[in-house]
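Colleague: Sequence order for the protein chains is A and B.
Using the working numbering, the first residue of the first sequence is number 1, and each one after it goes up by one.
Using the working numbering, the first residue of the second sequence is number 1, and each one after it goes up by one.
Note that these hints are calculated values from the structure, not bench results.
Even for Gly, the Cβ is constructed at its ideal location relative to N, Cα and C.
Hints are supplied without guarantee of correctness; some may be wrong.
If you want the ones that stay clear, here's a sample from chain B, every Cβ over 12 Å from chain A, calculated [unchecked claim]:
1) Phe95
2) Arg285
3) Gln300
4) Asp384
Now the stretches of chain A that chain B is said to cover, found in silico as 3 or more residues with beta-carbon under 8 Å [said to hold, decoys possible]:
5) 13 to 21
6) 37 to 47
7) 50 to 59
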Amino acid sequence: MAAKDELSYEQARAELASVVERLEAGGATLEESLALWERGEHLAKVCQRWLDGARERLDAARQAADGRE
Amino acid sequence: MTTPEKKKSTAEEPWPVRVVSQMISAWIARLGWVWVEGQVAQISRRPGTSTVFLTLRDPSAEISLTVTTNRDVLDLGAPELKEGARVVAHAKPDFFAGRGTFSLRADEIRQVGLGELLARLEQLKKLLAAEGLFDRARKRPLPFLPGTVGLVTGRASAAERDVLDNARRRWPAVRFRILNTAVQGPAAVPQIIEALKVLDADPAVEVIILARGGGGVEDLLPFSDEALCRAIFACRTPVISAIGHETDVPLIDFVADVRASTPTDAAKRVVPDLAEERRLIATARGRLERAMRHHLAREQQRLDAARSRPVLANPTAMLDQRAADVDALRHRAHRTLGYRLERADDDLRHTVARLRALSPAATLQRGYAIVQAADGAVVRAPADVSTGDALRVRLAEGELAAKVVAT
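Required output: the full structure, derived from the provided sequences and hints.
Modeller: Okay, here's the thing in structure tokens:
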């Protein structure tokens with residue numbers, strides 16, 4: 001799951017939104033744009049990892065609860 | 001009768017029994033005639049004699065006195081006297097020297113009627129209300145799930161069974177500490193007060209139920225007793241009263257923290273219904289999970305939306321655009337260079353034309369010649385040269401060397 005120093009879901013999502021905005025606004029150099037795009041991909045992966053992890057935990061909790069009953 | 005000796009008794013000169021007995025008798029007789037009220041705990045009529053012995057008990061405490069009287073007195077004031085009844089007696093303390101026992105000798109006994117008892121209860125109710133024993137603000141809330149439930153009730157009574165069965169049906173793991181007491185008659189109040197004290201002192205007991213099944217108005221009188229009301233008020237543990245049927249309202253119902261209409265009702269109030277709680281928890285858990293899933297789905301949508309934006313979904317677009325820019329620039333560069341080359345060509349042509357236009361060749365062709373001195377200067381006037389100077393003559397088709405003959 002998420003590394004210790006990794007962003008929270010909300011931080012990652014907010015930064016992702018700002019990266020997309022900056023990319024869409026244009027005006028950055030190619031090198032900057034590439035760096036932004038790479039950052040965006042990374043942030044999107046972080047977000048997805050959080051969501052997948054949350055779903056797994058939810059399923060595990062439900063299975064545990066169903067198992068008890 | 002001899003008068004008691006004034007001298008103090010000592011080990012060497014003790015008083016005889018009769019003397020001590022007489023002294024006691026004299027002391028007791030000083031009280032004189034009194035009116036006393038109590039509850040009849042026991043009546044014994046000695047066969048063959050007219051003497052009747054009554055055990056008269058305080059309804060609120062384990063204190064009793066023996067009253068002796070004769071049958072005529074009873075027949076006159078309390079012909080239907082039964083154990084448990086309240087009586088008022090006019091009596092005088094009497095020391096029976098033969099056995100060293102003491103009793104009250106009554107010459108008048110009146111049974112206290114039910115109407116009067118109820119009237120007194122009304123008065124007591126007003127008094128206790130005025131003192132604040134019934135105040136709503138003083139009521140303590142019941143614990144949601146008590147560790148141990150204290151139960152004061154009659155041994156093997158229907159009330160005990162009702163409380164236990166119903167409480168266990170609702171919450172099978174419920175723990176009880178049961179103290180069985182008399183629930184009617186003269187012993188009831190002191191025993192119940194003692195049981196309350198024991199349960200109140202037990203830290204595990206978090207709520208106390210006082211339960212008794214239905215009964216006659218007189219049977220329920222202990223539950224309107226002032227001392228019991230005060231004992232309940234003094235309890236630190238919340239108390240539930242569950243006395244008789246719905247319609248019975250003994251005074252402890254007003255003092256107790258919760259009044260249950262019946263012992264079954266008390267069971268319902270003291271523990272939650274396990275099945276019902278399970279249902280509530282299951283519902284809550286379902287809602288919790290749905291809310292969580294909904295939240296996740298919403299976040300997934302937001303993330304998908306961000307990722308499907310062209311800037312992220314199609315990153316080569318970023319390069320394509322720039323490649324197109326580069327192409328366009330290259331074209332512009334080409335075009336720009338082309339113009340400049342053409343213009344340079346034109347310039348060159350014009351310049352050549354102008355150069356050509358300025359050339360003397362055409363003039364020479366027409367037969368003119370250019371005369372130049374030895375240093376190359378064009379000779380325009382005879383004064384420009386001297387006799388003997390060498391000259392170059394440039395013709396259309398070539399050059400001549402000449403010499404100045406004369407000027």
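Colleague: A separate judgement is required for each hint: does it hold in the structure or not?
Modeller: The hints, checked one at a time:
1. Phe95: 76 Å, holds
2. Arg285: The assertion about B:Arg285 is violated, with a minimum of 7 Å to chain A.
3. Gln300: 6 Å, violated
4. Asp384: For B:Asp384, whose nearest Cβ neighbour in chain A is about 73 Å away, the distance exceeds 12 Å, so it holds.
5. 13 to 21: holds (count 4)
6. 37 to 47: Our answer is that it holds, as 5 residues pass the Cβ test (under 8 Å) against chain B, meeting three.
7. 50 to 59: holds (count 4)
Hint check: violations occur at hints 2 and 3; the rest are consistent with the structure.
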